[in-house]
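Q: The residues making up each chain are set out below.
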Amino acid sequence: MKVELVVNGMPRSVDVEPRTTLVDCLRDNLNLNGVHTGCEHGICGACTVLIDGEPSRACLIFAVQADGYAITTVESLAPAPGELGVIQDAFCETHGMQCGFCTSGMILVAHALFRSNPEPSREEIIEAISGNICRCTGYGQIVEAIELAAQRLAGRNIGVAP
Amino acid sequence: MKAAPFEYVRPGSVDEVCVCLSADPDAAIIAGGQTLVPMMAMRLARPSRLIDITRIPELHGIRDDGAAIAIGAVTRQATAAHDDLIARKVSLLAAALPWVGHAATRNRGTVGGSVANADPAAEIPLVLVTLRGHVVLRDSAGPRTLASQDFFLGPMMTALTPGCCITEVRFPVWEHARIGVGFQEVSARQGDFALVSAAAQVALDQAGRCTACALGVGGATAVPQRLDAVSRVLTGSHLTDVEIGAAVRAATGSLEIMSSPHASDDYRRRAAATLGRRALAQARDAALASTGRHQ
Numbered sequence: 001m002k003v004e005l006v007v008n009g010m011p012r013s014v015d016v017e018p019r020t021t022l023v024d025c026l027r028d029n030l031n032l033n034g035v036h037t038g039c040e041h042g043i044c045g046a047c048t049v050l051i052d053g054e055p056s057r058a059c060l061i062f063a064v065q066a067d068g069y070a071i072t073t074v075e076s077l078a079p080a081p082g083e084l085g086v087i088q089d090a091f092c093e094t095h096g097m098q099c100g101f102c103t104s105g106m107i108l109v110a111h112a113l114f115r116s117n118p119e120p121s122r123e124e125i126i127e128a129i130s131g132n133i134c135r136c137t138g139y140g141q142i143v144e145a146i147e148l149a150a151q152r153l154a155g156r157n158i159g160v161a162p
Numbered sequence: 163m164k165a166a167p168f169e170y171v172r173p174g175s176v177d178e179v180c181v182c183l184s185a186d187p188d189a190a191i192i193a194g195g196q197t198l199v200p201m202m203a204m205r206l207a208r209p210s211r212l213i214d215i216t217r218i219p220e221l222h223g224i225r226d227d228g229a230a231i232a233i234g235a236v237t238r239q240a241t242a243a244h245d246d247l248i249a250r251k252v253s254l255l256a257a258a259l260p261w262v263g264h265a266a267t268r269n270r271g272t273v274g275g276s277v278a279n280a281d282p283a284a285e286i287p288l289v290l291v292t293l294r295g296h297v298v299l300r301d302s303a304g305p306r307t308l309a310s311q312d313f314f315l316g317p318m319m320t321a322l323t324p325g326c327c328i329t330e331v332r333f334p335v336w337e338h339a340r341i342g343v344g345f346q347e348v349s350a351r352q353g354d355f356a357l358v359s360a361a362a363q364v365a366l367d368q369a370g371r372c373t374a375c376a377l378g379v380g381g382a383t384a385v386p387q388r389l390d391a392v393s394r395v396l397t398g399s400h401l402t403d404v405e406i407g408a409a410v411r412a413a414t415g416s417l418e419i420m421s422s423p424h425a426s427d428d429y430r431r432r433a434a435a436t437l438g439r440r441a442l443a444q445a446r447d448a449a450l451a452s453t454g455r456h457q
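Those sequence lines, one after another, are chains E and Y.
Start counting the first sequence at 1; every next residue gets the next number (the working numbering).
Start counting the second sequence at 163; every next residue gets the next number (the working numbering).
Any given hint might turn out to be false.
[What the hints assert, rightly or not] Partial selection, computed: residues in chain Y whose CB lies under 10 Å from chain E: (1) 167; (2) 180; (3) 260; (4) 294; (5) 306; (6) 309.
[Said to hold, decoys possible] Stretch by stretch, here's where chain E covers chain Y in the computed footprint (C-beta under 8 Å, at least three residues): (7) 218-225; (8) 368-376; (9) 427-440.
I should point out that these hints are in silico values taken from the structure, not numbers from a laboratory.
Every residue gets a Cβ at the ideal spot worked out from N, C-alpha and C, and that includes glycine.
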């Protein structure tokens, strides 16, 4: 079936079987491998993308259902090839990524959180990422990364404590 | 973990949905898909055809028809959770919605989908049963309204017959001036299915006496249970901790608890009693703190 998506601001047309999930479509048809295929039944959050700006599990929606929707993947967050966005930088600096498998989902959740709540409390950050599993259990640094990114985005460009 | 092949259709009206459903007995309706898609990925469900109802305009929207807040079947849980009308008129639903899955699944999951799925641990069916709400259905014969207690028949079993589509879910509005609600849940991890949950709504008169009271428990039994005995005993009381404790203990003692490997019968019964008591106390305290009309 023909499906028209707007992926990271660009109109993209794909031809997929109805049973192709959005995550498989993004990875296999559009070569966007920043979105990860984890549990494939909606538990882990590794496949999180933004659909019309809202975090959603790309394994729990078939690409045909997303026809006409705007999809945002982690690839859109870098300002230029080879560079990192503010949230991505913060994850590097605080060691918010270990194996990296959950990272793109975590970053997109943070990105969406900042849009509705630019200065979230620690509790709000924890609630926001509660649907995303880090199998390395590095939640402490992930929360720290999101706190750091929030401060930077608010214009308080502080360094990380040594 | 990939779904078996199926056909996909996106009808423009509920009438067309009914036609599609009656043409193919193995077809399934898909709305948010947050339960159906994983079932398909695990091949526990293999519909021949998916009928996507999410873009049908008549199934969207939240409206106040006086006696109830009517929520269109494909209204997303996240939309309902942020809706002002629901917050003011059926605040018990507003209190329960943050417990439904995670933010990412609430962004796609629908109110009608949760009701149709009839998971005994699901929060929206619990609120519907607690408030004695209604489910509006349509099939080729026309629309029908079922009381929630007649709709939920067992775990993942409802009175939906083949060819039926839920169009609306109706949550009754209490007209009392001083209303308070409470919602309590215990689960293995945040956002997981409830092992046990409890929903309570009470109304108080100006003297603090209870004029109406509803308590429901979810997760513990095959379908969400409204504990009518609690309402009978506590209406007219001042909802003291002692009165609440005795009424809830008596009512939960006779519940037919559903077994599962995750929590023993005994645990579920005790959790139902404890959470029921907490939910009622939370509702009472909220009602005492409110001064005027909730609207």
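Q: Within the segment 218-225 of chain Y, is the number of residues with a Cβ closer than 8 Å to a Cβ of chain E three or more?
A: violated (count 0)
Q: Okay, the segment 427-440 of chain Y and chain E, do three or more residues pass the C-beta test at under 8 Å?
A: violated (count 0)
Q: With a cut-off of 10 Å, does the beta carbon of residue 260 (chain Y) approach a beta carbon of chain E closely enough for the hint to hold?
A: Since chain E brings a Cβ to about 9 Å from residue 260 (chain Y), closer than 10 Å, the hint holds.
Q: Let me know if the C-beta of residue 306 (chain Y) comes in closer than 10 Å to any C-beta of chain E, holds or violated.
A: Since chain E brings no Cβ nearer than about 28 Å to residue 306 (chain Y), farther than 10 Å, the hint is violated.
Q: When the nearest CB of chain E is found for residue 167 (chain Y), is that gap smaller than 10 Å?
A: Nearest chain E Cβ about 5 Å off; hint holds.
Q: Count the residues of the segment 368-376 of chain Y whose CB lies closer than 8 Å to any CB of chain E, then report whether that count reaches three.
A: Contact hint for the segment 368-376 of chain Y vs chain E: violated, 0 residues under 8 Å.
Q: With 10 Å as the cut and Cβ atoms as the points, is residue 294 (chain Y) at the interface with chain E?
A: At 31 Å from the nearest chain E Cβ, residue 294 (chain Y) fails the 10 Å test, so the hint is violated.
Q: Can residue 180 (chain Y) be said to touch chain E, with a Cβ gap under 10 Å?
A: violated (20 Å)
Q: Take the shortest C-beta to C-beta distance between residue 309 (chain Y) and chain E; is it under 10 Å?
A: violated (31 Å)
Comparing the model with each numbered hint stated earlier shows that hints 2, 4, 5, 6, 7, 8, 9 do not hold.
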